[in-house]
Amino acid sequence: MANKKMRGVILTALAALTLGTVVNAQTVTNTEEKFLDRFHFKGDLRLRYESKETYYKDGTDTTNKYTYHNRYRLRLVAAIDLMQNLKFDVGMRSGYANPTSGNQTFLDDKALSDYFWESLRFNILDIAYKNGDSTLKVGRHPYMIYRPIKSQLIWDNDLSFNGVSYNYENDSRIINAGINQPTYAEQVNAKNTINLFFAQYVQKIKLENSQLNLGTAIYYYDGVKGNTPIYNTNKGTGMGNTLVNGVFKNDYNILEAFGELKFKDIFGKPLAVAAGMAYNAVASDKNLGYDLAVQIGKAKKVHDWQLKYSYTDLQADAVLGAHSDSDNFGGGTAAKGHAIRAKYKFGKNTYLAGTFFFDTLFAEKKVGKPAADYERVQLDAIIKF
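Just so you know, the numbering used here puts the end of the sequence shown at 568, numbered straight through with nothing missing.
It should be emphasised that the hints constitute simulated quantities derived from the structure, not laboratory data.
Certain hints may be false.
Quick list of in silico lysine to aspartate or glutamate cross-link-like pairs, EDC-like style, CA-CA up to 20 angstroms [what the hints assert, rightly or not]:
1. K519 - D487
2. K491 - E233
3. K452 - D487
The model shown is predicted, which means the values in this text are computed figures rather than measured ones.
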């Protein structure tokens with residue numbers, strides 16, 4: 184009887200020990216899973232074939248071997264949840280820290296193994312706090328500004344800000360504001376510091392079968408006039424902006440206004456139309472730009488497609504050329520023209536895209552050159568992960 188009782192005690196103890204071990208193991212596993220859930224990763228790789236052709240009005244043909252090339256863009260982004268409502272964002276992009284482009288050209292005399300990693304630079308490094316409808320970011324971060332149908336009239340897609348940005352958004356309005364320093368970055372050529380202060384307001388108006396967005400903003404640059412071109416990538420050129428003796432003639436206090444009308448379903452496809460205007464209040468002339476656009480479709484699900492057409496007219500000093508669209512017009516201002524953008528989603532994370540620019544470059548675009556016709560074609564294959 185005593186032996187039976189002893190065996191019962193031992194078996195009970197072993198069972199408790201085993202159960203405790205299982206519980207502890209499960210607790211450790213759950214803790215590890217919760218810790219790993221704090222990390223979020225994403226990225227994309229784009230392969231591009233591109234052609235650029237410029238034909239000056241005096242008949243000069245500038246086509247050369249550098250006009251046609253193959254390029255890639257690699258982006259890697261991670262977000263780490265530090266605590267509730269607070270996270271750390273970090274991102275890298277190819278392109279040797281070009282502020283408005285992550286494209287890297289494949290060269291004939293360079294081995295494939297030398298690409299990708301060596302051109303990566305940090306384009307995101309910030310702390311983000313989100314509470315309800317408000318988001319605050321401090322550090323280097325993608326700009327927090329609303330653009331109608333992703334217009335690049337004032338801001339290139341790839342630009343990052345360095346400073347503090349605030350965003351508030353709900354069903355009826357968007358408010359963006361911030362203080363940033365464009366010269367706190369790599370590849371800076373400016374001799375003096377430049378600061379950027381901005382505020383934007385967007386009113387959302389729900390209609391019966393659509394939504395109307397009306398927006399206005401001010402982008403106040405301090406320190407541009409009398410300064411040298413901002414980045415090494417446009418060293419010696421104002422990207423269309425007026426230079427006198429190698430320095431900027433004007434400051435840039437840009438007023439923006441736009442309207443955007445979005446339909447959820449027109450003949451089975453979403454449709455959006457938009458018009459935007461930029462006016463530099465401190466330049467005496469050549470200070471106006473505008474953009475008209477229409478987009479049908481949205482490449483969200485497999486086999487979805489989208490098509491966008493836009494017409495842009497951007498006078499020399501309407502916006503800061505170093506920060507506007509780096510593809511249209513060859514980058515910068517002092518030009519006008521048409522852009523057609525198409526995109527097709529043919530797999531879960533894969534896309535095909537094409538962009539076609541047909542532009543006229545004004546005589547002041549390149550000092551000493553006449554007006555020109557400019558054509559640019561971009562054919563892309565994109566994978567997201």
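Check your understanding: Regarding the pair K452 and D487, is the alpha-carbon distance no greater than 20 angstroms?
Key -> The given pair, whose Cα atoms are some 10 angstroms apart, holds under the 20 angstroms limit.
Review point. Holds or violated: are the alpha carbons of K491 and E233 at most 20 angstroms from each other?
Key: Distance of about 19 angstroms is within 20 angstroms: holds.
Exercise for review: Take the C-alpha atoms of K519 and D487, compute the straight-line distance between them, and say whether it is at most 20 angstroms.
Suggested key: Measuring from Cα to Cα gives roughly 30 angstroms; hence the hint is violated.
The structure fails hint 1 only (numbered hints given earlier).
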